[in-house]
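S.K.: What follows is the residue order along each chain.
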Amino acid sequence: MVVSGLSHEPDHQVRMLRFALDMFDALAAYNSTAAIPLGLRCGVNSGPVVAGVLGTKKFLYDLWGDAVNVASRMESTGVAGCVQVTSTLAEVARSFPSEFCVLERGSIKVKGKGDMSVFLIGRASGMEALRHRVRQEAAASVGAAGAGAWDWASFFAAGVLVGAIVMGRLTK
Amino acid sequence: MKDESGRIVYANSACSRTFGYTNDELVGRNVSTLCPEPHRSAHDSYLERYLRTREARVLGVGRKLRGCRKDGVEFPMYLSLSESVEGTTRRFHGIIRDLSAEEEQRALTEAIVDSCLESIVAIDAQGTMLRVNRACCVKFGYEAHELVGRNVNMLMGEPHHSAHDSYLSRYVATGRGNIMGRGRELAARRRDGREFPIHLSLSEARVGGKVVFTGIMADLSAEKNALAQTRAMVESALDPIVSINEQGVILGVNNACAELFLYSRDELVGHNVSMLCPEPHRSAHNTYLARYAATGLSSVIGSRRAITALAKDGTPRQVFLAVSEARARDGSRIFTAIARDAQAEVSLIRSQLELEQSEQLLLNILPEPISRQLKAREAGAGHLASAFDHCTILFADVVGFTALSASMAPLELVRTLNTIFSSFDALVDRYKLEKIKTIGLSWAEVVVVVGVCDLSFCRRRLYGCLWALA
Chain Y
1 MVVSGLSHEP DHQVRMLRFA LDMFDALAAY NSTAAIPLGL RCGVNSGPVV
51 AGVLGTKKFL YDLWGDAVNV ASRMESTGVA GCVQVTSTLA EVARSFPSEF
101 CVLERGSIKV KGKGDMSVFL IGRASGMEAL RHRVRQEAAA SVGAAGAGAW
151 DWASFFAAGV LVGAIVMGRL TK
Chain C
1 MKDESGRIVY ANSACSRTFG YTNDELVGRN VSTLCPEPHR SAHDSYLERY
51 LRTREARVLG VGRKLRGCRK DGVEFPMYLS LSESVEGTTR RFHGIIRDLS
101 AEEEQRALTE AIVDSCLESI VAIDAQGTML RVNRACCVKF GYEAHELVGR
151 NVNMLMGEPH HSAHDSYLSR YVATGRGNIM GRGRELAARR RDGREFPIHL
201 SLSEARVGGK VVFTGIMADL SAEKNALAQT RAMVESALDP IVSINEQGVI
251 LGVNNACAEL FLYSRDELVG HNVSMLCPEP HRSAHNTYLA RYAATGLSSV
301 IGSRRAITAL AKDGTPRQVF LAVSEARARD GSRIFTAIAR DAQAEVSLIR
351 SQLELEQSEQ LLLNILPEPI SRQLKAREAG AGHLASAFDH CTILFADVVG
401 FTALSASMAP LELVRTLNTI FSSFDALVDR YKLEKIKTIG LSWAEVVVVV
451 GVCDLSFCRR RLYGCLWALA
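Protein chains in written order, with the working numbering: chain Y, 1 to 172; chain C, 1 to 470.
Treat the hints as calculated values from the structure; they're not laboratory data.
The model shown is predicted, which means the values in this text are computed figures rather than measured ones.
Hints are not guaranteed to be accurate.
Taking lysine to any residue and the SDA-like style, the derived pairs with C-alpha atoms no more than 20 Å apart in a straight line are [claimed, not checked]:
hint: 1; chain 1: C; residue 1: Lys435; chain 2: Y; residue 2: Gln136
hint: 2; chain 1: C; residue 1: Lys437; chain 2: C; residue 2: Gln352
hint: 3; chain 1: Y; residue 1: Lys58; chain 2: C; residue 2: Ala376
hint: 4; chain 1: Y; residue 1: Lys58; chain 2: C; residue 2: Glu434
hint: 5; chain 1: C; residue 1: Lys375; chain 2: C; residue 2: Gln352
Heads up, incomplete: computed chain C residues facing chain Y, CB under 8 Å, no partners named [unchecked claim]:
hint: 6; residue: Arg49
hint: 7; residue: Val113
hint: 8; residue: Asp124
hint: 9; residue: Ala387
hint: 10; residue: His390
hint: 11; residue: Gly400
Where is the CB? At the ideal position from N, CA and C, for every residue including glycine.
This is chain C alone, in the form it adopts within the complex (with noise of 0.2 Å):
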């Protein structure tokens, strides 16, 4: 309460503790000490001019402003000003409410919406958006400004761009909607038109007697991703995969399933998982899944097994199967089974063999880098040859053979002079040298030469022949 001249006159305690003053100070000083400036320097020319004019600004309205504390902190507040005329004597009763608890807790729910890593967004009846927060502006690449005011079908991919309008004033019109209250995956669109999936839930309010929806969307994308990836890599695998339930029910199979087995997915899918065993498999499968679930022992599970399915045209389909289990998310256990065709993997490993086997042949009767550009030369290609600057050649020649081959049983000879070869070719693979031939053994070898090295060596080896054989 305060006078013409803005001295206050009464404070109750409240207003005191309010402000942080006691009674005693607060009475007898200027009004103005309670307003922040600019309104601290202003107040009395306010009065003055209010006194001198009668044209109320505050008086009998009411309104926001903010208070000064005597420690110098401003506070929001509401003020409602009223004025008393007693005889000549004018007071005005100001009553003042602190609002600063409202104002900490709007704060928060703003921090609240706008911290959430959700999109949320608030519309009104006819679909404007009336707010929307941070996570909403990133994920959908707009301004605040941008959204605010403008339709909420902005946002949403085809179908519901177009009919999200006749969905709400039905459900205005009718109450009956089909999200409200459920929440539904579809797809949203962002400022460059690419959409993605999120799951919206919607709810209801009435904020001053005006109904407000607020939509939380959640992004789906790399969930949905995650999924695709996984999807993927089953599709993708050379070996069958099929899962099934607890009953025994499979639940999905990949290509390679189908096709090991000549069914089509449809054939599977939802269908008891013996149609694949052969008997007596096929009459006990659902006991054996019914002794797992009450015993948890299980012979199959966790290890690897050859076993025999059964092709839809009853033909019988080695593979190797492994078991392996898991939980669904309502606690239900799966059962996921990768058969790898038996038959495929041992010519796989057959032919894998007999590759390395030739390979090792090849190196053993040419050297390396020759066996690579055999190899990558087309057939029909020229010859294949490398000059050399410098190399060192040896000839050796065993003497005494020819006793040694008449005393000797043809077997017995070769297994010596296998003995003997063998030692020279440790001896090679110490001094790292390349063995070309071994001359003198065979009768081909000797015509080789005849080829190759001059003659007279030659005739020479072959009228040892001759003595050999006569």
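Next comes chain Y alone, as it looks inside the complex (with noise of 0.2 Å):
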């Protein structure tokens, strides 16, 4: 988790958008020496944050806010190998077309705000790319999907099995 703004910096929207992109570009440049390549999925919301330390022991410093449930949210169901963020920070890549494309996703449901929209923001080059990213997501999670539903059939199927053993116990 990152934040910038804390020094009330004008620019910290676009600086995060900017970060985050680096973050691709440092992940690729190590998947060219990895066996295994590693994936990141990047979530991305400016608000009114409260930023601070709690108790007397084991600092930590942390921010609460709504725009940080929020960010937080803009990551888990983004894309991996994707910035999601929401309108506003869309609305800042948009002033920078020289830098940023953005792709309109559609919208998801956030607890406490109800639906918004999302946005997936890449290098004003790669508009392509995030288009070829949605598609393969949604590949996967429809796979996911299914995944999902045999966990359920198995759960079924142990509880029967059990039951059947515990029933047949009983009935012994």
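Two chains, two frames, some hints: make the complex.
M.R.: Written as structure tokens, this is what we have:
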């Protein structure tokens, strides 16, 4: 979790977007030599926060606020290899067309907020790559959903099995 | 020589020279030409009055007055006048002595006395001030007329203020004094009552059959102040300081020295410094000194070295020793050693380092302003948080971590992740962002996130962990 704007710098939003895209470059550099490549998923949001330390022991500087929760949600519902942002950040990215491209992805459910429009951000020349990622993700989530269904089926089967055994014992 | 009418009848060549005329020019001229005003205009009337009344003012008495040269310059002279009568001829004879040289000499002496920076006072046998110089007036804060004629003891601090008259009378009676011809330090007193140290040197002279004592008082305030400052500096030093003479005898130690070696000052001063050295140096120290005096070679002087010294109770003291050399006024050598307590030094450095490390650690965990506030706030105070109107927050998650962790030994895995996250940290620095925490690498952090982030996100992460465990 990374934050910008704590020193009230006016360009904290675009700075974070540049940072996010640079992270992908850094990871790509690692992947070029790695046996098992890694992916990265980013979510960015901006808004008011409270920052500080709680308690008197094992200090951890942390952020709290709705904007933080939404940012986390942007990441968790995001697409591997992409930066997913809210409409606020999409507007910022659009005002730097030479640096960024913006792809509207649709809407997601955010607890306490209802449906939110989400956008993917890439480098100015990366629109095609973004579309490709989204298609990949869609295909993977179908698989995951299938896997999830299989999970429930095996859980059910195991339950039946256990139930049968217990019943068998009881009826013995 | 002149006649009744005041005309010069005769002048010798010394007279012509003195007044700058030729002999011929003088003879026949009225003698008033040689007097400056107002006597010039009045001279004829003086003469006329004398001849009328026979009341002599200058005649037979002699008088100091001023003459006037041909070039108009006046000069001091002494005139003695006599009268002769031969038959009907009455003549006056004036003998003139030019006093210019004497007056110049006197003015020079005055100037020397007055321009002297030391205070000078001349008194008579009763202690009455006859003459004070300018420096004396300035130093003591009086005008000259306020001093002259009064007892000199007004310039002295006690006990001399009260006892001075008796010193004087004893000296005058017996010829024995404590200060005469020797000088001594004592306290002088200004007009405002403040006392200051002086060095008084006293001499005796006879002027016109009377005894005159002259005192020259040198102000020692500056020297005493400098001495006091040096002493304060040495005394307040935290490092032990000891100075010795060429024979190794301790001349002085500071407080820190006495404390470190557990001796009192008196136990150290006047004793040989070898008492602070362990064997074999204790026995050899005098040899070291003698060798240095003979050859000028030393391995100690001018360098800093770590040595072991000995305290009174026989326990060793590790010190860093720095010895320097100076010359006393009489040309003999004085060695000054500054012995820094090595033990204290090391523990100081260590604690300093620890402090710096913990500061650094704190800065690593918390943003600088927060760590400052944390250090400043009292223990048990409430939360430490501030609101920000607008910030940008980024969450990032490494995808494929599970597969990676399955294929790698744990240590190697951590090394890999460290490489990646270090490169991210470098980017954080470049864009001047604040990294709040690294999520997704340890279970503890996942749990922390449960507390602050929305639950669906955490549940999913928890499942991920359980899968990894499985």
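S.K.: Can Val113(C) be said to touch chain Y, with a Cβ gap under 8 Å?
M.R.: It is violated, given that the least Cβ distance between Val113(C) and chain Y is near 76 Å, above 8 Å.
S.K.: Would the hint linking Lys435(C) and Gln136(Y) be met if the CA-CA limit is 20 Å?
M.R.: 30 Å, violated
S.K.: For the pair supplied as a hint, Lys58(Y) and Ala376(C), confirm whether the alpha-carbon distance does not exceed 20 Å.
M.R.: 17 Å, holds
S.K.: If you take the shortest Cβ to Cβ gap from Arg49(C) to chain Y, is it below 8 Å?
M.R.: Result: violated, 109 Å to nearest chain Y Cβ.
S.K.: Between Lys375(C) and Gln352(C), is the straight-line Cα distance small enough, at 20 Å or below?
M.R.: 17 Å, holds
S.K.: At a threshold of 8 Å, is the proposed contact between Asp124(C) and chain Y supported by beta-carbon distances?
M.R.: Not OK, violated: Asp124(C) not within 8 Å of chain Y, min 86 Å.
S.K.: Does Gln352(C) sit within 20 Å of Lys437(C), going by the straight-line distance between their CA atoms?
M.R.: Roughly 29 Å separates the two Cα atoms, so the pair is violated.
S.K.: Next item in the hint list is Ala387(C). Is there a CB on chain Y closer than 8 Å to its CB?
M.R.: Status holds, d = 5 Å.
S.K.: Measuring from the C-beta of His390(C) to each C-beta in chain Y, is the shortest one below 8 Å?
M.R.: Constraint on His390(C) satisfied, holds at 6 Å.
S.K.: Is the shortest C-beta separation between Gly400(C) and chain Y less than 8 Å?
M.R.: Since chain Y brings a Cβ to about 5 Å from Gly400(C), closer than 8 Å, the hint holds.
S.K.: With the threshold set at 20 Å, check whether the alpha-carbon distance from Lys58(Y) to Glu434(C) stays at or below it.
M.R.: Roughly 19 Å between the alpha carbons, so the hint for Lys58(Y) and Glu434(C) holds.
The structure shown violates the earlier hints numbered 1, 2, 6, 7 and 8.
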